[in-house]
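Quick note, the sequences are listed as chains S and Y, same order. Last residue of the first sequence: 441 (this note's numbering), numbering continuous. Last residue of the second sequence: 260 (this note's numbering), numbering continuous.
Simulated from the structure, these hints should not be mistaken for laboratory data. Please note that a few of the clues may not be correct.
On the chain S side, residues computed to face chain Y include the following (Cβ under 7 angstroms) [as the list claims (entries may be wrong)]: (1) 32; (2) 179; (3) 384.
Distance ranges between label pairs, derived from CB positions [to be verified]: (4) 340/S - 145/Y: 22 to 30 angstroms; (5) 320/S - 144/Y: 27 to 35 angstroms; (6) 68/Y - 432/S: 22 to 30 angstroms; (7) 432/S - 135/Y: 28 to 36 angstroms; (8) 87/S - 144/Y: 29 to 37 angstroms.
Just so you know, even glycine gets a beta-carbon here, dropped at the ideal spot from N, CA and C.
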Amino acid sequence: MSNVVAAAENSYLAAFDQPGRATVEPTPRPGWRQAARDRFAELGFPTKRDEDWRFTNVGPVARTEYELAVAPAAVTLDQLEPWIYPEMARAVFVDGHFVAGLSDLDGLPDGVRVGSLAAALEGGDVTAHDHLGRYAPFDRQAFIALNTALFADGAFVAVPAKTVVERPIQLLFVAGPGERRMAFPRNLIVAGEAAQVTLVESYVGLGTESLTCPVTELAADPAAVVDHYRLQQERTDATHIALQHYHCERAANVSTHSLSFGGGLVRNDVWAVLDGEGVECTLNGLYLTRGRQHVDNHMWVEHVKPNCNSYELYKGILEEQSRAVFNGLIHVHPEAQKTDAKQTNRNLLLSSDAGVHTNPQLVIHADDVRCTHGSTVGQLDADAVFYLRSRGIGEEAAKSLLIYAFARDIVDRIRLESVRTDLEEFLFSRLPKGEIVRQAV
Amino acid sequence: MLKIQNLHVSIEDNEILKGLDLEVKPGEVHAIMGPNGSGKSTLAQVLAGRDEYEVTEGSIDFQGEDLLEMDPEIRACEGIFLAFQYPVEIPGVSNTYFLKAALNAVRKHRGENELDAVDFLRLVRERMKMVEMDETLLNRPVNEGFSGGEKKRNEIFHMSVLEPKLAVLDETDSGLDIDALRIVANGVNSLRAEDRGFLVITHYQRLLDYIVPDFVHVLVDGRIVRSGGKELAHELEDKGYGWLEAELASEATSAAPVGA
Ligand SMILES: Nc1ncnc2c1ncn2[C@@H]1O[C@H](COP(=O)(O)OP(=O)(O)OP(=O)(O)O)[C@@H](O)[C@H]1O
Ligand SMILES: [Mg+2]
Numbered sequence: 001m002s003n004v005v006a007a008a009e010n011s012y013l014a015a016f017d018q019p020g021r022a023t024v025e026p027t028p029r030p031g032w033r034q035a036a037r038d039r040f041a042e043l044g045f046p047t048k049r050d051e052d053w054r055f056t057n058v059g060p061v062a063r064t065e066y067e068l069a070v071a072p073a074a075v076t077l078d079q080l081e082p083w084i085y086p087e088m089a090r091a092v093f094v095d096g097h098f099v100a101g102l103s104d105l106d107g108l109p110d111g112v113r114v115g116s117l118a119a120a121l122e123g124g125d126v127t128a129h130d131h132l133g134r135y136a137p138f139d140r141q142a143f144i145a146l147n148t149a150l151f152a153d154g155a156f157v158a159v160p161a162k163t164v165v166e167r168p169i170q171l172l173f174v175a176g177p178g179e180r181r182m183a184f185p186r187n188l189i190v191a192g193e194a195a196q197v198t199l200v201e202s203y204v205g206l207g208t209e210s211l212t213c214p215v216t217e218l219a220a221d222p223a224a225v226v227d228h229y230r231l232q233q234e235r236t237d238a239t240h241i242a243l244q245h246y247h248c249e250r251a252a253n254v255s256t257h258s259l260s261f262g263g264g265l266v267r268n269d270v271w272a273v274l275d276g277e278g279v280e281c282t283l284n285g286l287y288l289t290r291g292r293q294h295v296d297n298h299m300w301v302e303h304v305k306p307n308c309n310s311y312e313l314y315k316g317i318l319e320e321q322s323r324a325v326f327n328g329l330i331h332v333h334p335e336a337q338k339t340d341a342k343q344t345n346r347n348l349l350l351s352s353d354a355g356v357h358t359n360p361q362l363v364i365h366a367d368d369v370r371c372t373h374g375s376t377v378g379q380l381d382a383d384a385v386f387y388l389r390s391r392g393i394g395e396e397a398a399k400s401l402l403i404y405a406f407a408r409d410i411v412d413r414i415r416l417e418s419v420r421t422d423l424e425e426f427l428f429s430r431l432p433k434g435e436i437v438r439q440a441v
Numbered sequence: 001m002l003k004i005q006n007l008h009v010s011i012e013d014n015e016i017l018k019g020l021d022l023e024v025k026p027g028e029v030h031a032i033m034g035p036n037g038s039g040k041s042t043l044a045q046v047l048a049g050r051d052e053y054e055v056t057e058g059s060i061d062f063q064g065e066d067l068l069e070m071d072p073e074i075r076a077c078e079g080i081f082l083a084f085q086y087p088v089e090i091p092g093v094s095n096t097y098f099l100k101a102a103l104n105a106v107r108k109h110r111g112e113n114e115l116d117a118v119d120f121l122r123l124v125r126e127r128m129k130m131v132e133m134d135e136t137l138l139n140r141p142v143n144e145g146f147s148g149g150e151k152k153r154n155e156i157f158h159m160s161v162l163e164p165k166l167a168v169l170d171e172t173d174s175g176l177d178i179d180a181l182r183i184v185a186n187g188v189n190s191l192r193a194e195d196r197g198f199l200v201i202t203h204y205q206r207l208l209d210y211i212v213p214d215f216v217h218v219l220v221d222g223r224i225v226r227s228g229g230k231e232l233a234h235e236l237e238d239k240g241y242g243w244l245e246a247e248l249a250s251e252a253t254s255a256a257p258v259g260a
């Protein structure tokens, strides 16, 4: 990839020189921001010629002039009400900036830090400085480079060793009111040895045609237990290009649930590196698309050490002219004997205009492993629809029941009750005759 | 209650039913027998409203109304029940949820209240006993991983909960051992009532020892070629269909005008 930076891409470079832009960086990595900027200038935006971007066109992002918000737009708690989980602790970011007034960080155990990453860096937080930028290398991909160069702030969550955080933490990212604003939230989550924490990372929007490019680095120290939810609930005119990097140490147990309903053009890159023995990593996802939505999930699971398990289950339900891409690579390194890796991607097309590209891949360099992968693309089973109808259930309700049934194993795997209930409610409201489904299940 | 007249049905331009007449009155049990591919399941599916089958001619009257005008779910609500020859597996939908949704749809259509959870469970438990079905099958997804016999029993169980007016059983006996057969037959017999009709499709006279029919019809090549009492089933069992087909062929030749 060495595409010449097109004229419009210069506006992203110009943002780097914008007065007031945040410049804080981790002390072990001096010149990090400048290097990332230079790397982006070198890479330019990916094109369809890049293997990883064959089916997702970011040309419109490259061509659009976005405004980098140097300060958060004014937003009230009322406006955020639909997306807030009141029982959770909460850190709110508007246009990539932490807003203390909208956050609620009470009742967390001693030593747990949740809030602004920029503030943590400025305050000299050793954990923040040590970990930031260690996992997500900006030289790999243009959007990581851009995020590294341009981020103003983002969430910082540090849970000390052996600390159990009972109260789930919601990290709520809001594209503020306004037109074509862009934000590059940079998030760092560090769960110390044998710590336990549940996080809900939500992306929502109040503005039009926003661009959000978050990078989340999550480090799970030995035996840490992290339950991570990622909710994509932005407006359908929003563009969202994200990276989540999970770094798992020995015996860590990391599970993620990516629920993608919003956004017009959505790309989620997920890197999970199983870098210690005995890691258990679960990556589940559900995407529901319609209209002209395009959702691309790219997964890389790196089995570096022996005796690790990874389970991936991504399911998609596509309506109308929407598109989905699933690319899943399981990479088993030579040392990673006794790997147990399973990857499944299943897609349900509800319209003949919808389409999916699914591409599961295995690269295995160890000999004593168990790896399976599979993907399916299908329609509702006509025999099943008729069977249900022949027992008195109306056509729409029959179809909705079957769609719900398709999504069900993802729903059932969500441990966090409020998120699970929310998802169920969303499905009931989205599916025709959802009331019948609600009563039936 | 059911009156089929001159029914012609095609699928993908192949005519399968070629002028079928049949009348079922309340309280009657009709058995339909016939060789493979003669159109028995086609008839059953057409009655249930599968729209892949095209009705090109004829009519079906059900309780004074035009059945062919109704969607499958309306037919079910009006009291038609089909026990499938091949019950469909529905992963992710539990047997109970499915039945509850079905029963409530049917009750709503009849202007009855939806059953609450307690009453529903009571009903379901009672009917399960009737078909000696294991209660664990209630919470499993519909038919998924059920044995052949369990699937058939599940169909009868559904029937007993939905209490149809006309039940069509498409080879519910095939593949059942003698004990399961007896259980299924008991289930059917306990539902026999003055206002309920049955259409029992089978290849085996054995079933008809348990579910004693009022009429037996033989379907060959899309037409009912012979009707009679339960003794006709014995005759078929002894002689096979070859006998009938040969007889029909000779009737056809002798009926042909001379010199044709
Ligand atoms: N979906 C279909 N597409 C094409 N042909 C079909 C279809 N369904 C049935 N047929 C044909 O229609 C004819 C009648 O089939 P049907 O299933 O009604 O027979 P049947 O009497 O029930 O046979 P069996 O005793 O084997 O169950 C057969 O020749 C069959 O191949
Ligand atoms: Mg048949």
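Of the numbered hints stated previously, which ones are contradicted by the structure, given in increasing order? 1, 2
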